[in-house]
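Student: If you want the building blocks of each chain, they are given just below.
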Amino acid sequence: RKEVEQDPGPFNVPEGATVAFNCTYSNSASQSFFWYRQDCRKEPKLLMSVYSSGNEDGRFTAQLNRASQYISLLIRDSKLSDSATYLCVDGGSQGNLIFGKGTKLSVKP
Amino acid sequence: GAVVSQHPSWVICKSGTSVKIECRSLDFQATTMFWYRQFPKQSLMLMATSNEGSKATYEQGVEKDKFLINHASLTLSTLTVTSAHPEDSSFYICSARAPQRGPYEQYFGPGTRLTVT
Numbered sequence: 018r019k020e021v022e023q024d025p026g027p028f029n030v031p032e033g034a035t036v037a038f039n040c041t042y043s044n045s046a047s048q049s050f051f052w053y054r055q056d057c058r059k060e061p062k063l064l065m066s067v068y069s070s071g072n073e074d075g076r077f078t079a080q081l082n083r084a085s086q087y088i089s090l091l092i093r094d095s096k097l098s099d100s101a102t103y104l105c106v107d108g109g110s111q112g113n114l115i116f117g118k119g120t121k122l123s124v125k126p
Numbered sequence: 005g006a007v008v009s010q011h012p013s014w015v016i017c018k019s020g021t022s023v024k025i026e027c028r029s030l031d032f033q034a035t036t037m038f039w040y041r042q043f044p045k046q047s048l049m050l051m052a053t054s055n056e057g058s059k060a061t062y063e064q065g066v067e068k069d070k071f072l073i074n075h076a077s078l079t080l081s082t083l084t085v086t087s088a089h090p091e092d093s094s095f096y097i098c099s100a101r102a103p104q105r106g107p108y109e110q111y112f113g114p115g116t117r118l119t120v121t
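Note that the protein sequences, when read in sequence, are chains U and V.
Start counting the first sequence at 18; every next residue gets the next number (my numbering).
Start counting the second sequence at 5; every next residue gets the next number (my numbering).
By construction, these hints were calculated from the structure, which means they are not laboratory data.
Just so we're clear, the structure is a prediction, and the values are computed from it rather than from any experiment.
There could be a bad hint or two in this list.
Cut-off 20 Å, straight-line C-alpha distance, at most; resulting in silico cross-link-like pairs (SDA-like, lysine to any residue) [stated by the list, open to error]:
1. V:45 / U:49
2. U:59 / V:50
3. U:121 / U:45
4. U:59 / V:86
Have a look at the derived ranges for each label pair, beta carbon to beta carbon [to be verified]:
5. V:104 / U:24: 31 to 37 Å
6. U:75 / V:91: 39 to 45 Å
7. V:107 / U:83: 17 to 23 Å
8. V:64 / U:37: 17 to 23 Å
9. U:33 / V:45: 27 to 33 Å
Cβ coordinates follow ideal geometry from the N, Cα and C atoms, glycine included.
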């Protein structure tokens, strides 16, 4: 069974903090990975795609370690609006997404 | 680009009735759409992959006769929950790939919250 494992949290951090989430995946053949954010009772929204060793977009950096089969997401200078659940997603070898249960982040003023 | 809509956003129905949920890609054509279900505090679980003009591919454990999927055009897929029961109450979300935005990324509709009484 192909799985994605994440620490459910919650991560409670102050504004301005740097926070990192890790995620492990079981399918060594997977080629693509994603981080989605999901707000309460809303749909997931794509945050970042990771196809090679990593990706960076502003305050967000994702890194992929194929040897250890884990992906990380680093958020710098946290904002209140970053509070959400972050979903680690394995794109699989055939393109069907496999979701982790998510890591809840709460940024406090 | 890559906007996906869903209708209705929420629905309450009585046990034994059927409910149809529509998923539309608004600014792109989607040959493949996906239907997910999410129970509270659980991850999204893929129910089926919907391919335009052909039969849907269902995940193991998902009853194809209960969850009818039709993908009649490149912008519309429908999920019909037949003879709904309270245990079918969940958050149903569709997604689609937008080829212009990447080969594997999926873009999600806003979801439909189904409550069966």
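Student: Is residue 45 of chain V close enough to residue 49 of chain U, meaning Cα to Cα at most 20 Å?
Tutor: Violated: residue 45 of chain V and residue 49 of chain U sit about 25 Å apart, past 20 Å.
Student: With respect to the beta-carbon atoms only, verify the hint that residue 75 of chain U and residue 91 of chain V lie 39 to 45 Å apart.
Tutor: Once the Cβ atoms are compared, 42 Å apart, the range 39 to 45 Å for residue 91 of chain V and residue 75 of chain U holds.
Student: Could you tell me whether the CB distance from residue 107 of chain V to residue 83 of chain U stays inside 17 to 23 Å?
Tutor: 19 Å, holds
Student: Just to be sure I understand the hint, the distance between the Cβ atoms of residue 64 of chain V and residue 37 of chain U should be within 17 to 23 Å; is that true here?
Tutor: Violated, at about 34 Å.
Student: Given a hinted range of 31 to 37 Å, is it respected by the beta-carbon distance of residue 104 of chain V and residue 24 of chain U?
Tutor: 34 Å, holds
Student: Within 27 to 33 Å or not, the Cβ separation of residue 33 of chain U and residue 45 of chain V?
Tutor: Given range 27 to 33 Å: holds, Cβ gap about 29 Å.
Student: Run the distance test for residue 59 of chain U versus residue 86 of chain V: straight-line Cα separation, threshold 20 Å.
Tutor: 24 Å, violated
Student: Holds or violated: residue 59 of chain U with residue 50 of chain V, Cα cutoff 20 Å?
Tutor: 17 Å, holds
Student: For the pair we were handed, residue 121 of chain U and residue 45 of chain U, check the Cα-Cα distance against 20 Å.
Tutor: 26 Å, violated
Going through the hint list in order, the structure does not satisfy hints 1, 3, 4 and 8.
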